[in-house]
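S.K.: Sequence:
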Amino acid sequence: MTTLAPYASHPSRSRGRLHPEPGGELRGPRDIFQRDRDRIIHSIAFRRLRHKTQVFVSPDGDHFRVRLTHSLEVAQIGRTTARTLGLNEDLTEALCLAHDIGHPPFGHAGEEALEAALEDHGGFDHNAHTLRTLMLLESPYPCFAGLNLSWEMLEGLAKHNGPVDYPGWAMREVDGLFPLELSSHASLEAQLAAIADDIAYDNHDIDDGLRAGLLTLEQLMEVAVVRHCWERVRARYPDIPQERLLRELVREQIGLMANDLIASTRRNIADERIETVEDVRNAGRALVCFSPELAAQERELKRFMYASLYHHPSQLAAADRARIIVRDLFRAYQQEPQLMPAEWQDDRLLDEPRRSRHIGDFIAGMTDRYAEKRHAEIFGEVALA
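All letters in the sequence shown, in the order written, are residues 0 to 384 by numbering that gives the first Met the number 0.
The set of hints was computed from the structure by calculation and includes no laboratory data. These numbers were taken from a predicted model, which means no experiment stands behind them. Just to be clear, a hint being listed does not mean it is correct.
Said to hold, decoys possible - Across the chosen pairs, the derived CB separations fall in these ranges:
| id | residue 1 | residue 2 | range |
| --- | --- | --- | --- |
| 1 | 377 | 230 | 17 to 27 Å |
| 2 | 120 | 180 | 22 to 32 Å |
| 3 | 141 | 302 | 42 to 52 Å |
| 4 | 29 | 284 | 49 to 59 Å |
Just so it is clear, CB atoms sit at the ideal spot from N, CA and C, and this is done for glycine as well.
Let the hints inform the model, and build the full structure from the sequences given.
M.R.: Written as structure tokens, this is what we have:
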């Protein structure tokens with residue numbers, strides 16, 4: 000087992016859970032963060048990620064990534080990097096696995112549609128909905144709502160992208176139940192989970208874009224960090240056909256980013272004289288980050304990916320159709336709540352904003368294919384090709 004650095008999150012110093020655990024916390028060999036991770040893996044919300052969009056809406060091919068496989072890849076990068084930095088691997092892995100659980104169907108297009116539908120009722124934010132799902136909606140235990148995750152786990156999910164200065168209604172609600180100190184930075188494990196997410200989708204989306212034929216190697220050579228890595232790969236394998244090296248290019252980029260992240264984080268910890276987890280929270284800035292040079296290159300890569308892949312005409316058309324599905328479903332359930340499954344019908348939710356937020360909870364939990372199916376049943380047609 001890795002020896003934890005003094006600034007890592009240690010399970011014996013956890014702030015605990017909102018609800019006392021029946022039978023006590025230490026049942027068997029697992030510590031509190033290991034149990035958090037396992038609760039995520041065994042949750043229904045996590046399983047639904049296998050049919051939620053990552054880049055391509057309802058992809059036809061079996062080899063494209065979805066939210067579930069993306070989350071597993073984020074966890075692999077996060078855990079390996081956490082081990083190198085002396086951080087808590089189990090907490091890092093749990094945060095990586097759970098970070099996208101609040102995403103509605105159809106990725107960012109679905110989120111935009113749900114945000115618009117709930118505009119007059121507090122809006123929608125997938126990060127806050129992750130916490131709402133895990134603290135209130137996913138309830139497999141008899142004595143309390145939610146998965147009863149540790150404070151450190153919930154804090155990390157709330158603040159992995161930094162302090163939350165203007166929490167929306169859903170974030171305020173969960174913070175009121177179990178205050179998460181939203182104005183400070185989160186643990187290094189949470190910061191690492193956020194960067195592992197960037198590393199994973201920066202590079203694996205390239206892989207999927209190439210596989211789908213929406214990106215070409217020639218286009219990618221416009222991006223400095225990709226061109227640099229490709230030159231290194233070609234120099235290492237000069238006699239291997241180009242098409243055999245595309246996945247090696249992705250691996251090279253992941254390695255470059257991970258190594259830069261490790262070196263930069265170590266410098267930041269030393270410069271700020273970080274010795275405890277509370278030092279991390281009080282540092283006033285993110286400590287887990289790329290070097291300034293690589294950060295600039297990574298931003299250039301993101302700009303390229305938005306222009307060339309995420310905003311590709313075929314992707315924009317799919318996103319438009321996805322927004323129509325979410326919009327139509329929301330309006331249908333508002334007008335005829337009896338269209339919702341029996342277990343989602345509740346006479347106590349007749350007043351606003353609770354009624355619309357309840358409908359939002361139902362739609363946000365849908366997979367892509369379930370949303371398509373429900374839309375076809377109600378409107379007599381399938382909106383996605």
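S.K.: If a hint holds in the structure, say so; if it does not, say that too.
M.R.: Evaluation of the provided hints:
| no. | hint | in the structure |
| --- | --- | --- |
| 1 | 377 x 230: 17 to 27 Å | violated, 53 Å |
| 2 | 120 x 180: 22 to 32 Å | holds, 27 Å |
| 3 | 141 x 302: 42 to 52 Å | holds, 50 Å |
| 4 | 29 x 284: 49 to 59 Å | violated, 33 Å |
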